[in-house]
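Undergrad: The primary structure of each chain is shown beneath.
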Amino acid sequence: MADLITYRDAVADGLAREMRRDPSVVCLGEDIGAAGGVFKTTVGLLAEFGAGRVRDTPISEQAIVGMAMGAAMTGMRPVAEIMFSDFLACCWDYLANEIPKMRYMTGGQVTVPLVIRTANGGGLGFGAQHSQAVENWALAVPGLKIAAPSNPADVIGLLAAAVRSDDPVVFFEHKGLFASRGETAPAGHVVPLGQAAVARSGTDVTVVALAATVPIALSAAAELATAGVEAEVIDLRCLVPLDMATVLASVRKTSRLLIVEENPYQGGWGGTVASIAADEGFELLDAPVRRVAAACVPLPFADALEDEVIPTVAKVTAALRALLDY
Amino acid sequence: MTADMDAQQLLGLYEQMAVIRGTEQAAHDLFLAGLVKGTTHLAAGHEAVAVGASAALRPDDYVFATYRGHHHAMARGASPEECLAELMSKATGVCKAKGGSMHLTKASAGMLGSYAIVGAHLPMAAGAAWSALLRGTKQVAVAFFGDGATNIGAFHEALNLASVWALPVLFICENNLYMEYTPIGSVTAADHPAADRAAGYRLPAEVIDGNDVVVVADAVSRAAERARAGDGPTVLEAQTYRHFGHSRTDPARYRPAGELEQWLKRDPLEVARARLAGLGVADAEVEAAAERASRTVADAVAAAKAADGADPAQAFTDVWADGGYQWRT
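So the sequences go chain by chain: A and B.
In this text, residue positions in the first sequence follow my numbering: the first is 97, and each later residue adds one.
In this text, residue positions in the second sequence follow my numbering: the first is 145, and each later residue adds one.
What the hints contain is simulated information worked out from the structure, not anything from laboratory work.
Where a beta carbon is used, it is the ideal one built from N, C-alpha and C, also for glycine.
Hints should not be assumed to be uniformly reliable.
Partial list, derived from the structure: chain B residues whose beta carbon lies under 8 angstroms from chain A [as the list claims (entries may be wrong)]: (1) L174; (2) L176; (3) A177; (4) L179; (5) P267; (6) A276.
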C-alpha cells in the first residue's frame with residue numbers, strides 16, 4: 097500500500113517540492129513561517145528554505161497580494177496565502193481588477209505567474225465570516241485560473257501545475273479536507289490545470305463535484321450502489337479551465353446530470369456547468385439538470401444549522417434518487 | 145544626477161518636458177475633436193516629477209504609475225506616437241489599444257503600468273522591490289501616486305510592509321492639491337498627506353518642489369541611493385499642480401480664482417528655463433529645443449492619425465500567457 101499523507105501535509109509537501117525545484121518560488125502570508133500556518137499547511141518550509149523565501153506578513157491582505165503581483169511581474173513565482181478565503185474580500189481589487197487584467201490591458205507586455213492559496217469552505221463551525229465556499233467569486237472574473245483539489249495527491253499535482261503556470265491561479269484548499277488522508281504523489285507528479293478526473297465510474301447518472309463535495313458525492317454513490325444504481329462521479333479539480341469535455345462525455349453515457357457544489361446556488365459555479373450542459377448536451381439528457389448547492393443564506397454557526405445550508409450525503413442521495421425516478 | 149547637473153543635461157530634460165507638455169495638449173485637442181474616446185487624465189504641469197525622477201533612475205529600475213500617467217510612460221521611454229495611438233484606439237498603440245489612456249505601459253523600459261484603482265500599485269511596487277532584493281540586482285522600484293491615494297488602505301499597508309522589510313522602493317506623491325474635484329486638505333488629517341504619514345511607519349520623508357526638475361532629480365537620486373544601499377524606502381511628496389482639470393473636459397471651476405495663474409508662474413518649463421539661463425544657456429538654444437519638441441509632437445500626432453485602427457481580433461488575445469483566451473474544453 098502506498099504511503100498515506102494528510103491533505104494538509106500535502107500542501108506543505110507540494111510547496112516544498114516546487115521550492116526545491118525552482119529558486120524563484122517564494123511564499124508570503126500571515127503566520128506561514130515560524131507558526132507553520134494557521135492550518136499547519138506550511139510546516140517545515142521556514143526551516144528548509146529560510147526567512148528570505150518564506151516570509152511572515154502583517155495582517156495586510158492588500159499588501160500580501162499586491163506584493164505578490166509586483167514580484168510576479170519582475171521574475172519571481174510568488175505563492176501568497178490568504179488565510180481564509182472569506183478574507184479575499186479584503187484584497188478583492190487585486191483579484192478582480194489588477195492580477196487578471198494586467199496582461200490583457202497591456203497588450204501582452206506583462207506576465208503575472210503567481211498563486212494565491214486560500215482555505216475555503218465550511219463544515220468546521222467557524223460561522224459566517226470564516227466558512228464560505230467562495231470559488232464562484234473567482235469564477236466571475238475572466239483572467240484567473242481556479243484549482244480546488246479534493247485529495248492529497250491532487251493537492252501536490254495541482255499545486256505543481258499552479259506554481260509552474262505563467263497565468264495567475266487561485267488555489268482553494270478545503271478546510272474540511274485538511275485532516276483527510278490519501279495516497280501521496282510520486283516525485284515529479286503534475287496534474288495539468290483543466291483536466292477533470294473520473295473519481296468513480298458509472299453508467300446511470302453523472303455527478304459533477306469539486307473539492308469537499310467529491311467525497312460527499314462518492315458516499316452518496318456508494319449508498320446508491322447498494323440499490324444497484326451506478327453513479328459516475330466527476331471531480332472537476334479546476335473551474336478554469338473548465339473541463340466540460342469530460343462532463344459532456346459522461347452525460348452522453350448516463351443521460352442524467354447532478355451538480356454538487358458548496359458555494360451558494362445563487363451565482364454558484366454549477367450554474368455555468370448546467371448552462372453549458374443545457375446548451376451543448378440538450379439532446380443527451382433524459383431528465384432536467386439538477387443542482388445541490390448551498391442555500392442562499394449566510395453560513396450559520398451551529399452544526400445543526402450549517403448542515404441545513406450546505407450539501408450533505410443525505411441531500412445528494414435524495415437528489416440522485418429523485419433524478420433517477422424522473 | 146544631482147543639483148549641479150550640467151547645462152546640456154538640463155537642456156535635454158527641458159526638451160523631454162516640452163515633448164510631454166505638447167503631447168498632453170495634443171491629447172486634449174484630439175479629445176475635443178472626437179478622436180480620443182473614453183477619458184483622459186492629463187499630466188500637464190506634472191512633467192518635472194516624471195522627467196526629474198527618470199533622470200535619477202537606472203534604466204532597469206521599475207516604475208508604477210497612475211491613470212494620470214502619460215508623463216511617466218513617456219519619461220521612461222514610450223514614444224509620444226505610441227501613446228497618442230493608444231489614446232486614439234489605433235493598432236500601433238503602446239498597449240495595442242487594449243489599455244487606453246489610463247493604462248499606458250512600457251514594460252520593456254521598466255514602466256510596469258498605469259493603474260486606475262487608486263493606490264493599488266503601491267504594494268506592487270513594494271513587491272517589485274522585494275523581487276529585486278531577492279534577485280540581488282540593486283534595482284529600485286518607484287510608485288508615483290496622487291495625493292488622493294494617501295487615504296486608501298493600500299497606501300498604508302504598503303508603507304508599513306516596505307518599511308519592515310527595508311525594501312528598495314520609493315513612494316513619490318504628486319500632490320496637486322486636489323483629489324479629483326475636492327481639495328485634499330479638506331478630507332485629510334495631515335498638512336502633507338504623504339510626507340506627514342511617513343513617520344508613522346519609521347520612514348524618512350521630504351516635501352519637495354515638484355515643479356523644479358533639478359530638485360526632483362536630486363531628491364530621487366538621494367532616495368534611490370539609500371534604497372540601493374539597503375537602507376529602505378523613502379517617501380517624497382512633490383508639490384505640483386495640474387494645468388487641466390481632473391479628467392476629460394473638466395473646467396475645474398472648484399479652483400479658487402487666481403490659483404491656476406499663481407501656479408503657471410511656476411510652470412515646470414519656465415522654472416527649467418530660468419535655471420538654463422542661470423547656467424548661461426542662450427535663449428536661442430532653448431528655443432531650438434522647444435521647436436524640436438513641437439516637431440516631435442506634430443510628427444507623433446500625424447503618425448498616430450495615419451495608423452490603422454485596432455484589429456478586432458485583438459479582443460481575444462493576451463488573456464493567458466499562451467496568447468489566447470480559452471477557458472473551457
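Undergrad: For every hint, state whether the structure bears it out.
TA: Here is what the structure says about each hint:
no., hint, verdict
1, L174, "violated (20 angstroms)"
2, L176, "violated (25 angstroms)"
3, A177, "violated (25 angstroms)"
4, L179, "violated (20 angstroms)"
5, P267, "holds (3 angstroms)"
6, A276, "holds (7 angstroms)"
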